[in-house]
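Work out the full structure: start from the sequences and follow the hints.
There are 2 protein chains.
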Amino acid sequence: MQAHRAETLSRVSDSLIETLRAMFGQRLSTAAVVREQHGRGESPFRAMPPDAVVFVESTDEVCEVLKLCNAHRVPAIAFGAGSSLEGHLLATKGGVCIDLSRMDRIIGVNAGDFTASVQAGVTKEALNAVLRGDGLFFPVDPGAHATLGGMVATRASGTNTVRYGSMRENVLALKVVTADGTLVHTGTSAVKSSAGYDLTRLFVGSEGTLGIVTEVTLKLFPLPEAMSAAVITFEDADAAVTTVIDAIQSGLPIARSEYLCTNSIRAINANSRELALRERPTLFMEFHGSPGSLQEQTELLREIALQHGGEDFQWADRPEERSRLWHARHHAYFSCQLSRAGSMIIATDTCVPRSRLAESIDGAERIMARAHFPHMTFGHIGDGNFHVLMVIDPGSEAEREEAEKLNEAIVELAIGLGGTCTGEHGIGFHKKAFLRREAGDAAVQLMQRIKTALDPHGILNPDKIF
Amino acid sequence: MQAHRAETLSRVSDSLIETLRAMFGQRLSTAAVVREQHGRGESPFRAMPPDAVVFVESTDEVCEVLKLCNAHRVPAIAFGAGSSLEGHLLATKGGVCIDLSRMDRIIGVNAGDFTASVQAGVTKEALNAVLRGDGLFFPVDPGAHATLGGMVATRASGTNTVRYGSMRENVLALKVVTADGTLVHTGTSAVKSSAGYDLTRLFVGSEGTLGIVTEVTLKLFPLPEAMSAAVITFEDADAAVTTVIDAIQSGLPIARSEYLCTNSIRAINANSRELALRERPTLFMEFHGSPGSLQEQTELLREIALQHGGEDFQWADRPEERSRLWHARHHAYFSCQLSRAGSMIIATDTCVPRSRLAESIDGAERIMARAHFPHMTFGHIGDGNFHVLMVIDPGSEAEREEAEKLNEAIVELAIGLGGTCTGEHGIGFHKKAFLRREAGDAAVQLMQRIKTALDPHGILNPDKIF
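In order, the protein sequences belong to chains A and B. With the first sequence counted from 1, adding 483 to any position gets you this note's numbering. With the second sequence counted from 1, adding 483 to any position gets you this note's numbering.
Since the hints were derived computationally from the structure, they do not count as laboratory data. Worth double-checking, as some hints may not be accurate.
[Unchecked claim] Quick list of in silico lysine-lysine cross-link-like pairs, BS3-like style, CA-CA up to 27 Å:
{"hint": "1", "chain 1": "A", "residue 1": "Lys658", "chain 2": "B", "residue 2": "Lys550"}
{"hint": "2", "chain 1": "B", "residue 1": "Lys550", "chain 2": "B", "residue 2": "Lys576"}
{"hint": "3", "chain 1": "A", "residue 1": "Lys915", "chain 2": "A", "residue 2": "Lys888"}
{"hint": "4", "chain 1": "B", "residue 1": "Lys888", "chain 2": "B", "residue 2": "Lys915"}
{"hint": "5", "chain 1": "A", "residue 1": "Lys550", "chain 2": "A", "residue 2": "Lys658"}
{"hint": "6", "chain 1": "A", "residue 1": "Lys702", "chain 2": "B", "residue 2": "Lys702"}
This is the structure in structure tokens:
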């Protein structure tokens, strides 16, 4: 259905460029370097540049651009920080890239309601820098320096999700522009509602294929009274995973629980001597609460970890110690890339029911044992979610092909264990076949019917998800 | 769009009855008493009975019935426990009522993953009775003795939502039969996913208009190590509301926070002498945690309540004391009804951002001061959600009309304060105009496009939501 529509799409014509230039002046670019930078994310695909890039500054401008694109049957692709991993930004059929990074205004923070409204181009770091003064924070924490609009689009999650939820749970309301340039408001600032279809959740995770998000109202949380982080090493992945699962089953409200394999730790150590971690399978954990509850939590965790052979306990209570730890975790991706000169990363991202996680990680590590290039495993194991990073030579077709085969085996394993082909990176261009295997034809057809109903000409981010 | 489609709907023909009788035998009923019981909920509307009722026992049977209804352009209305409040069950254009209450099998509990899969006709009470043995519970707790399928359909919430979320947050996966009889699986047992559109959340709250849910996979929680409930009285609603808001802003993880007005307490006392509550604006609260954290929580709450003039503190730590309290709260609806012989209730249900709640309750109480019949206010104030119950004489058109006008004023006030026309009861037949006022034409049109894409002949629960 979608494929049929997409055949009728057009490239950006000279006259459309003229119209856009009259509206945007210097904020329209057709320069090759700008187009190329906008036609890739952090994905391993070669850039497929859009025909033009517009740097929008308001919701009204997004409406105007989409009206034009829809009338001309030209693809429209939203761009935030360019950090997506699954080829979401590839302009497979050319078109206009709508860069929202200049829509970076924090519209308002309501400390009484624990809500903030932001334009789509605000990054989570920029928001949290402002919230700190109010004793609040926004918890969703993917590794990338992403915009909140982009995080809506991929239904992002990250290190804190085990405690605070993902973008699915933490978006209250949206302003979205649909394919024909209509502005739609979804949701309200009330924390719950039973009023009609959940359009907010439909747009969250729709990867720019149903509409372009221009404003987001988010749930906030009070900064915890006290926080404590821990580093613990284990004999193997199984012991680390079992420690976290047991802790969750004991009702321990873990705030973060990150597993890092020996290769990941080695890459982190090579990139920074500050932490000097022991090179073994490792957990980075964090606890939030009152000082009293924190002590209870850390004692219980220690007991559980000891039962599974946990060693080298290090506790980081001071803010700068914790920052150093989480900085290392967030830069694990880049540390892995730096471990091989001139390399590129193919990252996969699966999520399984927690009870199948040890099996899933063990299976992935067996699959990766065949690889002819460096690789690392780490992830948000409290959610059942982990990533395998394959550090390949971008010039080697053999390594690319091998990586794709290993990726496929890991994803198949996760689906077979009742899990999903992507916990947080999205389908994009890369995982379309996996979506069909996971969800089945009937569900994918239903998604396509929704796509066609909302975007009849298929102009919004074509060739993604389907 | 929807209205246009609905005009082409047919009533159930004799030949369709014959076909259904051949399939269902005694499990098909056309008896007036059965039809009437299935054409009403707890809503104040007069019953509009369906033409026939089928008591299904499997997902396959739902597929078969929907195929027939779709082919005959006959309405199909799903029925669980019949506890909906907004006219969801009215067979405005006749049709087949599909009663799922015999699909009451708990398919499986996975204690390791904190998940359970149930057929749609299982009630939350039945599920929790089974879970207790595993030290687990399912938290979503509307007042009604509802089925989990019905709770999915209305995006139900209730007393525990402030801590554990609503059906929006606690459904992982569904089996749904769409209008043409196709079985669709949505979601997985993994706790998060970025794989395609969030069909699960689209069906949650769709009130039987997009598909009929036959199986639900739910998130579970460990039974708290310790629980403590509290009853506190206040001078007025404002003091009670401010106590809860301040507690939430202090990071207190309240598990339940129910406000009951003086009239509600009076109705509860009249109905049961067990509690003998002081007849003043009252909070029923509950805390969950470890014994240590519980003590911290209850002490902090006490301090905050005292600052707002809280009195008559009663703590209920023993299970039977807590049960008595929550039983009284859950039966507040019926206690109110019993306060006037032969009466009927029109209940409204709004939800506003928490910072506007005091204003919203105060405004509602001013509006109700004009009423010529008894009325009560209570609700889940940690969520910003409360109900006004209007106890009318069902024979009096004047009281019905007056109640509708007061309802409208309360809902308008909530929408004006940035809230929603329904926190948990749904739109149904009753609140269609309010949905449009709240969400705006563009959002409602989008919902209608989705409806038409998924149910082109408009057979699924016609005249609801739109």
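Status of each hint after checking the structure:
no., hint, result
1, Lys658(A) to Lys550(B), "violated, 37 Å"
2, Lys550(B) to Lys576(B), "holds, 18 Å"
3, Lys915(A) to Lys888(A), "holds, 15 Å"
4, Lys888(B) to Lys915(B), "holds, 15 Å"
5, Lys550(A) to Lys658(A), "holds, 16 Å"
6, Lys702(A) to Lys702(B), "holds, 21 Å"
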